[in-house]
Structures are given as structure tokens and as C-alpha cells.
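Novice: Spelled out from the first residue to the last, the chains are:
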Amino acid sequence: MTIQAKPQRSRLDPAPVPRRDWLGLSALGTMAGALLFGLIGLLRLPKAAVLASPSKRFRVELPQALAPGEAFVPPGRNVAIFRDEQGVWAISTVCTHLGCIVRPAADGFECPCHGSRFRSDGTVTRGPAPRPLPWLKVSTAGDAVIVDEAAAVPQGTKVA
Amino acid sequence: MAQASDALQEFVADLKRAPKRILETAFRTGPPSTDRTRSTFVFGNVFLHLHAVRTHRWSLRWTTTLGLGIATAAAFLITLVTGVMLMFYYKPYPEVAYESMKDIHFVVPTGRLIRNLHRWAAHVMVITVILHMARAFYTAAYRKPREFNWLIGIALLVVTLALSFTGYLLPWDQLAFWAITIGANIAESPREVTDALGITEYFDPGGLQKLLLLGSDEVGEEALIRFYLLHVMLLPLVLAALLAVHFWRIRKDGGLAKPADADARLAARREQETYPVFTEAPVKTYHLAAIVRGRTPAVGKGPENTVPSMPHLFYAELGVMMLTLLVCLALSVVSDAPLKELANPSVPENPAKAPWYFLGVQELVSYSAFMGGIGIPVIALLGLALIPYLDRETAGTGEWFGGPGGWRLVRFSAVLGTSAAVMIEAVAIRFGWLREWFPDVPQLIVTAVNPGTLLTLVYAAWSVWCVKRFQSARAGALALFTCFLCGFVVLTVIGTYFRGPNWEFYWSPAYWPKH
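As they're listed, the protein sequences go chains A and B.
First residue of the first sequence: 20, per the numbering used here; consecutive thereafter.
First residue of the second sequence: 196, per the numbering used here; consecutive thereafter.
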């Protein structure tokens with residue numbers, strides 16, 4: 020009489036999954052995948068491809084009497100424009116902390132919301148602001164200047 | 196002919212009986228005058244059947260809950276009703292929104308009262324939801340089997356605050372506009388860290404959060420319609436769903452938490468005053484009870500020391516609801532909701548203050564936007580959520596300040612938490628902070644080391660010491676929760692009363708510079 024050894028299943032030779040179980044599992048998996056895909060599509064909707072905000076570029080004529088180093092804030096814009104012998108430059112007046120509008124003061128800018136202070140070149144001197152106020156891209160067009168609030172340039176860039 | 200007249204008479208009689216019959220068919224089991232009809236009154240009514248038929252007398256002592264959960268629910272109902280009323284006139288479009296708010300306030304009949312009620316009920320809801328959480332914590336009611344309901348409660352706290360925040364923008368006045376500008380930039384504040392690490396270009400969760408919140412890069416019409424949608428539709432639905440689960444689980448988890456010896460203590464206080472138990476034999480058994488796990492009041496033992504929920508529980512709940520309504524009404528008559536001038540994106544309010552319950556956070560963001568606005572609140576919420584899974588003790592469940600350390604530890608932690616917050620704030624107000632001392636300090640160090648993070652560290656250290664000293668996670672939780680509560684109060688008071696223009700310190704608003 021011979022004794023037959025029970026077939027040992029190894030990791031490489033696993034017990035077969037019954038066909039119905041496998042079909043059921045794959046159906047569930049397909050459903051989960053489809054729902055997940057649909058959900059991602061749904062969640063994609065609130066992030067607009069084009070922002071509904073107005074153009075960030077504007078054109079403005081500087082007042083003749085603008086003294087060197089004196090800030091000129093065009094009405095309705097959150098930008099301070101300066102002029103001296105070397106040229107024209109613009110600094111954003113949106114605080115880098117939480118987006119309040121800073122006021123040009125004698126020796127720089129001050130933020131009304133959480134007390135951040137900036138030197139006249141935008142560098143933070145006190146308060147919670149994490150970054151200096153950005154300098155913005157300026158180009159001249161005859162007597163007027165064109166400022167792009169969306170484009171930052173390195174600190175100290177003046178346009179003649 | 197006779198037959199016709201009979202039918203006619205019957206018809207007239209039925210017509211006369213109709214009102215009575217309608218009532219009878221609506222409330223099938225008659226007035227709740229016996230134990231049996233009191234039970235059917237509860238489980239035969241879709242709105243009441245979230246309650247158990249009988250309530251333990253321990254749950255009805257007013258010191259058990261102080262009625263805070265029901266007060267919160269009542270405040271929510273008031274905001275729901277008044278909110279729907281306000282939607283008759285409110286138009287979610289910039290400037291038009293402001294005009295419609297003015298109409299509601301000055302022209303619409305009862306508009307001002309409804310608006311005041313909506314605002315005051317929202318404030319009351321925030322206060323009571325915080326107090327309700329403190330009650331559940333201090334009576335150790337979050338323990339097994341109520342762990343998950345504690346998590347639902349925390350989700351409800353977050354949704355309540357989100358509802359308040361989204362409602363804040365809708366008037367489109369200066370107050371609204373600048374509070375939301377600050378809020379949206381707090382959402383963007385992970386940039387404080389990603390910028391310092393130089394990875395914002397590749398990984399910008401802050402920018403994404405702000406974009407999703409505002410639908411634009413500034414607070415405008417897109418932001419207003421999003422906040423409106425969240426405020427009147429999405430968040431109330433989420434809140435209602437969570438609320439239903441929250442209520443339902445109270446019952447499924449075996450009613451309110453009570454001490455193990457609650458019955459003995461009730462008996463000691465009043466001898467044999469228990470309401471007569473089951474004067475009638477049950478007419479129906481609930482087979483479902485057989486598959487419900489252990490803790491429902493009626494499994495394994497008789498319903499001693501319970502009384503019918505109708506009227507004992509319901510009248511108590513109605514009383515609390517009426518009191519909440521009365522408080523909200525009184526506040527609404529005394530104090531009008533503010534409406535400042537039309538939002539102006541070029542001129543910030545000075546000081547620009549969020550609603551009072553966010554002023555503690557605003558005090559923290561005046562040191563670091565990321566840590567104060569996101570880091571520390573997230574740490575606090577995670578800590579709260581973990582409490583029931585770390586404290587698995589049983590001593591003191593259902594008792595005020597129950598557990599190792601008890602009231603003495605809570606008292607001491609309150610003193611410590613308050614004085615630590617006051618001292619750290621005093622140093623920062625009097626001497627400034629890192630950037631005033633070392634102008635070139637890197638931003639990451641300011642983010643990591645500021646009054647908020649130091650305070651959190653002090654509290655955490657004290658809590659860990661208590662765990663060691665009392666050999667109990669509950670003692671650590673008591674210490675930490677008390678400290679955070681006191682820190683929250685101190686920071687909120689400073690933000691509310693002692694911060695003026697430019698977020699400078701003033702002893703009183705009377706000293707604010709005139710402008």
C-alpha cells in the first residue's frame with residue numbers, strides 16, 4: 020500500500036480561487052474604480068481652468084510733481100509706484116502675511132492687520148510677514164508706465 | 196328613499212367626525228397617558244423615535260449634561276429657520292448682496308429681528324458646542340462604547356465653525372471682506388513653509404486650498420457664490436447628516452454615560468421614589484433586541500430607575516429649547532448685527548478682526564500664519580480626536596472631573612494654562628519676537644519658534660508629566676484639555692479686547708487712536 024503525500028501548496032502554486040469569487044471580486048473592483056474615477060472628475064470641477072479675475076496689467080500716468088522716492092498709488096490698484104533719477108519701479112502693497120493692503124509710510128510700508136513693517140525696498144523689518152513685498156514688472160510707454168501685478172521682478176530693478 | 200336618507204345621514208355624521216378621526220389616525224395610539232401609550236408615543240413617531248422609550252433618572256439630573264447638547268441643537272434649528280427666511284431676500288452677488296442686506300435690515304418687516312436672531316443663534320451655537328464638548332470631556336463620556344460618537348462630535352464642531360466662517364462673508368461689507376481675505380490667506384499659508392524650502396513651484400497645497408476656496412485669486416464674485424453654496428447648502432446638509440448619526444448613536448451606545456454605581460447613588464438620595472415599573476404587561480416583544488450588542492438599557496436587567504421619556508425627557512428638552520430661544524431673542528432685541536460700509540478691496544479695516552471665536556487663532560497668526568492658522572489648530576484637533584483611544588481607563592466615567600487627579604488637577608492645570616499663556620503673550624507684546632531681536636532670522640525658525648508653538652510645547656510637557664505622575668492617560672488628558680481651553684480663552688480675550696489698529700496692544704479700545 021502506498022501512501023500519497025498531500026500536495027503541498029506553495030506561494031508559487033496557490034490554491035485556486037473559485038471562479039465565481041474571482042468574478043465577484045473583479046466586479047466590485049471595477050465598480051470601485053469607476054466610482055473613484057467619477058469622483059475625481061467631480062472634484063476637478065471646482066478648480067477653474069481660467070480665473071475670473073480682471074487683467075492684472077494696467078497703464079497709468081505718473082503725476083508730474085512726484086518727488087523722488089515718494090509713493091504713488093493709482094486708485095483701485097494695490098501697487099505703489101516710485102520714480103527717481105535711475106528710473107521707475109513698482110512695489111506690490113499686498114502684505115505677504117495675510118493679504119491686507121499695506122500703507123506707504125515715511126520709511127517704508129506698514130500693514131494695518133498684524134503690524135508687519137517693511138523698508139522702502141520691501142524688506143521685512145518686523146512682524147509676521149514671511150517674505151518681502153515683491154517688486155513688479157514695469158515698462159514705460161511715452162509718459163505713461165505699464166505695470167503688471169502678476170509678474171514679479173528681482174528687488175532693485177528700475178526701468179529708465 | 197329611506198336608504199338614500201340613511202346614507203346621507205351617515206355621510207353627514209362622518210363629515211362631523213372627520214376632524215377627530217384625522218387626529219386619531221395621525222396619533223394612532225391615543226394620548227400618552229399610560230406606560231404603554233407613552234412608549235408608542237415615542238416609537239410611533241418618526242421625529243421622536245431617536246429617543247429611547249424610557250430614560251434613566253441619572254440622565255435627567257440637570258448636572259449630568261447641563262442641557263448643552265440640546266441647546267446646541269436648538270440653536271441650530273433657530274439658524275436653520277431664520278436662515279431660510281433670510282434667503283427670501285438675500286442675493287449672492289457683490290454689492291447687490293450688500294444692498295439686499297440693507298433691505299433686510301432696514302426695510303423688510305421683521306427683517307432686522309430675523310437677521311439678529313440668525314447671528315445670535317450662530318454665536319450661541321458656537322459657545323454651546325464648545326461647552327458641550329467640555330462637558331463630554333470632563334465627565335469622561337467619550338469612553339467605550341462612545342469613542343466614535345466623540346469623533347462625530349469633533350466633526351460637528353468643525354462644521355459648526357465652517358458654517359460661521361462661510362456666513363461671515365455674505366453681507367459683503369468691510370468686516371466680511373477683510374475677515375475672509377485673511378481667512379483665505381490662512382488657507383494659503385502652507386506657502387510660508389514651502390516658500391522657505393523653495394518647493395512651492397512643484398508642491399503648492401496652500402495655493403490650491405485658496406484657489407478652491409475663492410475660485411479665483413482674490414475675494415470676488417466667485418468667492419461669494421462659493422461661500423453662499425457652502426453656507427446654505429453643503430455644510431447644513433453635512434451637519435444635519437452628522438447630527439442624525441450623533442443622536443442615533445447616543446441611543447445605540449446605551450444612553451448617556453453614567454457612573455457604574457449610579458443606581459445605588461440615586462437610591463441613596465431618594466428612597467424608593469422610582470416611577471412604578473411596567474404597570475402593564477408588554478404586548479409586544481422586540482426580537483431585534485436579541486441581536487443588539489449588550490448595552491441597551493433593557494438587556495440583561497430590568498429597567499429600574501428609568502422613567503418614561505414622554506413626558507420626563509421631552510419636557511426637559513423642550514424647556515432647554517425654549518430657554519435657548521429666549522436667550523437668542525433677548526440678545527437680538529438688545530444688540531443689532533453689525534453692517535459696516537460696502538467692501539472696499541483697496542482699504543483694509545483697521546483693525547480687521549474675525550468673529551470672536553477665531554480671534555485666538557488670529558492672535559496666533561500674528562506671529563506665524565502657518566503655525567497659528569493651520570499647524571496648531573490641526574494638532575489640537577488631532578489631539579482631541581485621539582483622546583478616547585488613548586484613555587482606556589474606567590475610573591470616573593460619568594462623573595464631573597472624574598479620574599486620577601480629578602478636580603484638583605483640573606484647577607491646577609487651569610492656573611498653569613492661563614498663566615503660561617498670559618506670560619508668553621506679555622513677553623511677546625512687551626519685547627517683541629525673534630525678528631525684532633535678530634532682523635535676519637530665517638523664516639523657518641520664526642515659523643517653528645513663536646509664542647503659539649512654545650505654548651503648545653509647555654502644555655504638552657505638562658500633560659506628559661501628569662501621565663507619568665498619576666500613571667494615567669486620563670490625568671494627562673485632563674491636564675492638556677484644561678490647558679488648551681484656558682489658552683484658547685486667554686488668546687481670544689487678548690485678540691478681542693486688547694488688540695487695536697495695526698494689531699498693537701492697547702489696554703482698552705478707548706485708547707485707540709482716532710482716525
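One should not assume that every hint holds.
[Said to hold, decoys possible] Heads up, simulated DSBU-like pairs for lysine-lysine below, C-alpha to C-alpha not over 30 Å straight-line: (1) Lys-297(B) x Lys-535(B); (2) Lys-66(A) x Lys-548(B); (3) Lys-286(B) x Lys-663(B); (4) Lys-535(B) x Lys-75(A); (5) Lys-548(B) x Lys-339(B); (6) Lys-75(A) x Lys-286(B); (7) Lys-548(B) x Lys-297(B); (8) Lys-663(B) x Lys-75(A); (9) Lys-339(B) x Lys-66(A).
[Stated by the list, open to error] Counterexamples of contact, computed for chain B against chain A with all Cβ distances above 12 Å: (10) Thr-232; (11) Phe-343; (12) Trp-373; (13) Gly-410; (14) Ala-436; (15) Ile-445; (16) Arg-606.
[Unchecked claim] Estimated spans, in silico, between C-beta atoms of each pair: (17) Leu-64(A) x Phe-238(B): 18 to 24 Å; (18) Gly-43(A) x Leu-326(B): 33 to 39 Å; (19) Val-69(A) x Val-276(B): 52 to 58 Å.
For the record, the hints were derived by calculation from the structure and aren't laboratory data.
These numbers come from a predicted model, not from an experiment.
From the three backbone atoms N, C-alpha and C, an ideal C-beta is built for every residue, glycine too.
Novice: All the hints need checking, so say for each whether the structure fits it.
Specialist: For each hint, the structure was consulted:
Proximity of Lys-297(B) to Lys-535(B) is assessed by CA-CA distance (about 10 Å); at most 30 Å being required, the pair is judged to hold. At most 30 Å may separate the alpha-carbon atoms for a hinted pair to count; Lys-66(A) and Lys-548(B) meet this at roughly 29 Å. Between Lys-286(B) and Lys-663(B) the CA atoms are separated by roughly 57 Å; this puts the pair beyond 30 Å, and the hint is violated. For the given pair, Lys-535(B) sits about 28 Å from Lys-75(A) by alpha-carbon distance, which is consistent with the 30 Å threshold.
A C-alpha spacing of about 41 Å is found between Lys-548(B) and Lys-339(B), which places the hinted pair above 30 Å, so the restraint is violated. Taken as a hint, the Lys-75(A) and Lys-286(B) pair is honoured in the structure, with Cα atoms around 28 Å apart against an allowance of 30 Å. Taking the CA atoms of Lys-548(B) and Lys-297(B), the gap is about 21 Å. The hint holds against a cut of 30 Å. Of the pairs offered as hints, the one joining Lys-663(B) and Lys-75(A) is violated, with about 59 Å between alpha carbons and a cut-off of 30 Å exceeded.
At most 30 Å may separate the alpha-carbon atoms for a hinted pair to count; Lys-339(B) and Lys-66(A) exceed this at roughly 42 Å. The non-interface label for Thr-232(B) is consistent with chain A: the shortest C-beta to C-beta separation is roughly 47 Å, beyond 12 Å. With a least beta-carbon separation of about 24 Å from chain A, Phe-343(B) lies farther than 12 Å from that chain, consistent with its non-interface assignment. Against chain A, the non-interface label of Trp-373(B) is violated: not every CB pair exceeds 12 Å, the least being about 7 Å.
Not every C-beta of chain A lies more than 12 Å from that of Gly-410(B), the closest at about 6 Å, which undercuts listing it as non-interface. Ala-436(B), annotated as away from the interface, keeps every beta carbon of chain A farther than 12 Å; the closest lies near 18 Å. Non-interface status of Ile-445(B) relative to chain A is upheld: no Cβ of that chain comes within 12 Å, the nearest being about 31 Å off. With a minimum CB-CB distance of about 34 Å to chain A, Arg-606(B) clears the 12 Å threshold, and the non-interface call stands.
Checked against the given bound of 18 to 24 Å, the beta carbons of Leu-64(A) and Phe-238(B), roughly 43 Å apart, lie outside it. For the pair Gly-43(A) and Leu-326(B), the supplied restraint of 33 to 39 Å is violated, since their beta-carbon distance comes to about 50 Å. Against the hinted window of 52 to 58 Å, the Cβ-Cβ separation of Val-69(A) and Val-276(B) comes to about 39 Å, which falls outside the hint.
Violated hints for the displayed structure, listed by number in ascending order: 3, 5, 8, 9, 12, 13, 17, 18 and 19.
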